[in-house]
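A.B. asks: Chain by chain, the residues:
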Amino acid sequence: MEDSHYILELKHITKSFPGVKALDDVSFAVKPGKVHALMGENGAGKSTLMKCAFGIYQPDKGQIFVNGQPVVFSGPADALRNGIAMIHQELQPMRSLTVMENIWVGRLPYRNTLGIHFVEWKRLYKETKDLLDDLEIPIDPKAKVQTLSTSHCQLIEIARSVSYKAKIIIMDEPTSSLTEVEAELLFKLIRRLTEKGVSIIYISHKIDEILDISDDVTIMRDGQIVGDWPASELDMDAIVKRMVGREMSNRFPEKKHVPGGIKMEVRHLTSANPHSFKDVSFSLHKGEILGIGGLVGAQRTELVETIFGLRKKESGEIFIDGQNIDIHSPEDAIRSNVALLTEERRVSGIFPKISVLENITIAKQTADYSVYTNGPFIDNRKRTADADQYMKAFDIKAPGLKAEIQNLSGGNQQKAVLARWMLLTPQILILDEPTRGIDVGAKYEIYSLMEQMAQEGKAVIMISSEMPELLGMSDRIAVMCEGHLSGILDGAEATDEKVMYLASTYQPLEA
Amino acid sequence: MNTKKINIKQILSNYALFLIMIVMIVVIGTMSPKFFSWRVLRDILMQSSTRIIVALGCLFILISGSADLSGGRTVGLTAVVAGSLAQKADYYIKFWNIPELPPIVPIFAAVLVGLIVGLLNGFTVSKLKVPAFLATLGWMMVVYGTNLLLCNKPPNNSQPLGGFLKSFTNLGSGNINGIPIIVFFALGMCIIVHILLTKTCLGREIFSVGSNPEAARVSGINVFKIQMITFAFAGACYGLAGALEAARTGSANSSYGNGYEMDAIASCIVGGCSMTGGVGSVVGVFLGVIIFNVINYGLTFIGLSSYWQWVVKGLIIIIAVAIDMRKYNTNK
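First to last, the sequence lines map onto chains A and B.
For the first sequence, the numbering used here assigns the number 1 to the initial residue and increments by one for each residue that follows.
For the second sequence, the numbering used here assigns the number 512 to the initial residue and increments by one for each residue that follows.
Just so you know, the hints here were simulated from the structure itself, not pulled from any lab data.
We put the beta carbon where it would ideally sit given N, CA and C, even for glycine.
Any given hint could turn out to be false.
Ranges of calculated distance between the beta carbons of each label pair, as one might list FRET restraints [stated by the list, open to error]:
| no. | chain 1 | residue 1 | chain 2 | residue 2 | range |
| --- | --- | --- | --- | --- | --- |
| 1 | B | THR787 | A | TRP229 | 57 to 63 Å |
| 2 | B | ILE703 | A | ALA367 | 57 to 63 Å |
| 3 | B | LYS545 | A | VAL296 | 41 to 47 Å |
| 4 | A | ASN112 | B | VAL794 | 23 to 29 Å |
| 5 | A | SER329 | B | LEU623 | 52 to 58 Å |
| 6 | B | ILE829 | A | ILE325 | 31 to 37 Å |
| 7 | B | ARG837 | A | ALA403 | 36 to 42 Å |
If you only want the chain B side, here are some residues facing chain A, beta carbon under 7 Å, derived [as the list claims (entries may be wrong)]:
| no. | residue |
| --- | --- |
| 8 | PRO671 |
| 9 | ARG715 |
| 10 | LYS736 |
| 11 | MET739 |
| 12 | SER792 |
Straight-line alpha carbon distances no greater than 30 Å define the calculated DSS-like cross-link-like pairs of lysine-lysine that follow [what the hints assert, rightly or not]:
| no. | chain 1 | residue 1 | chain 2 | residue 2 |
| --- | --- | --- | --- | --- |
| 13 | A | LYS126 | B | LYS599 |
| 14 | A | LYS313 | A | LYS256 |
| 15 | A | LYS353 | B | LYS640 |
| 16 | A | LYS255 | A | LYS196 |
| 17 | B | LYS710 | A | LYS142 |
| 18 | B | LYS677 | A | LYS144 |
| 19 | B | LYS640 | A | LYS122 |
| 20 | B | LYS710 | A | LYS353 |
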């Protein structure tokens, strides 16, 4: 049955990797001009399926049809020729080059003189300008990509797909590093593209955003298709239930903790970097989860990294348990029982090629060599005992403790890095975007851990760009705007609108 | 408010190279005013010429995101190859038993040998996936060994080669209207490479590969081909430099070119190249080479031991890179 009203069809695709069957007889079809969401927990096979559609992987079995015609892709170049483009989860722009070169890389317009292909810079500029204007992307084609924000890099990637005259654009987690405002820009662009007849395959963990933007939804679990539905027939609970294959009554654990006395006070903290945050003061209570909201660029990461001693402060004081604590380095912070789960897991979280065991135990080992040693040598039994405890407690799925951590899924990596800090039994736990890019199940486990910490009377700070998480988990929400603390909301009274208002406005007080 | 301060900082870091050079020239010039003369300038340009050509080869490699340690020894081998083909018919230790050849032959042979070394490097890096540092280290040793074996061939028996034809040495030491011919070679190569890198599709693809090889591959660029071309071009540059080095000095032996690769890398880095690829310009490299040769020449000129040049060169590299790093790490 050749349904010609589908622009892309993947039929009975099977793909195995050594040890796992990543895709098992999967069929998937996309209509022209529609946003088709592809959902599922990490490891469900979404990315593998899309890599087959884009020619990065070749399926073991099954066929691909574009406009009803069978096609075989031996590489991404073939897919691009057939009008399929993919925007990767990890954006990989060529940072040292200009926007226009990034868009037209490999296909620069040229003039052939004596057999030498000379780049036509003027035409390149004009074509880029026209393309960006048409998509209403306000970026200078001559700007170097390294000067742009993440969200702008993403828009450039999309412009690049459009420049290939792509009829199908695959977007893998496009909003995972965007704030809600930036995501809205992306959605506007997606709507413009669908009006022009372009189909979007949209992979995301953010259910509300899927319901908002997509026409059709396909849900995958364990390498198979659970089913296809029009988005209008689904709600959040229905999606979660079908993704995890079990009832999930609540997205957040029940709040049982009670905030107590003051644990930490930050007074007039100002960054040494003149472009970063200024004069930030707030307090953190025992048994409290303090959310920090704001747009990308609000300097939230810079703030917590300064508290943790990763960045230099210009002035200001930090009091812990009433004592003025001088923190100049992460070592100082760790000694004061502060832990920080950094934002970029791959950059400053995991040691990719080192075992899960060592990734979990490294901080405790560094803090005190003697805990894991027997005489001058490391005693692996002691380390294994500690690591095992958290492998079980956090339900970290790994082939074994000796496996390289880079082979784990994002959610499991995140839990392993969290275990690293939990081994130090911190009194203050700072989490910077702890659930970015990880699946629903792992998210819930991280929320549970935060709740448990708070119940034990410990203090938690969580930076989050996901509004439901910020509202759902925080006792109070501190909102930052362009390096200033623009207000602190009580969790019970906070709403989307109030947070967004504070995140986008800051009126400096006249001194 | 303090925008002025920031501007000065920016100017300092953007033009550190020019400033270092100007300060050095001024200091040397004040100590010995004769430094400001046509003869000195000509000497510095002549000494820089072969170095510039080697550094241009290196520039290609660094922009493409690789490294190349084989440059210096390739200069040595090609100097010997060129020299052996440029001897007078009646020279008493004739390397090959051949008649006198026009100078284009030794130059062409040297470039060809360099090109072959480059292709071997390129194949090892891009097909066999040996890290560039190690691949080129290995080939550097093979090239040096080959050169020692070649020089040891009877009747030469490891003696320096000499007795080159005037038509050949003229390319290295002759001049046209007072301007050394070798300088024309260097400037010509600068112009060719500049056009190639900034004006052609090939050049931009080299930048793309260096900036992000994975993105380049996904965009349909043949990364293997680009890497082969960069290494081949670099090898050809080393070959040309080798031939000119033999012509300039009127001699050649197996120790020629020793350490040139490190000088070339240093010149590129001081000239603003990034070790991680995707960044670099001919103008920067040109200035980088000139700076090192000004130090070289200037220190001797004011009567300091030439041994000092090593100390100063080392410090310049460290300062240049430290200033460069500050650009990227300002917010920490």
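A.B. asks: What hint numbers does the structure not satisfy?
C.D. replies: 1, 3, 8, 10, 11, 12, 13, 14, 16, 18, 19 and 20
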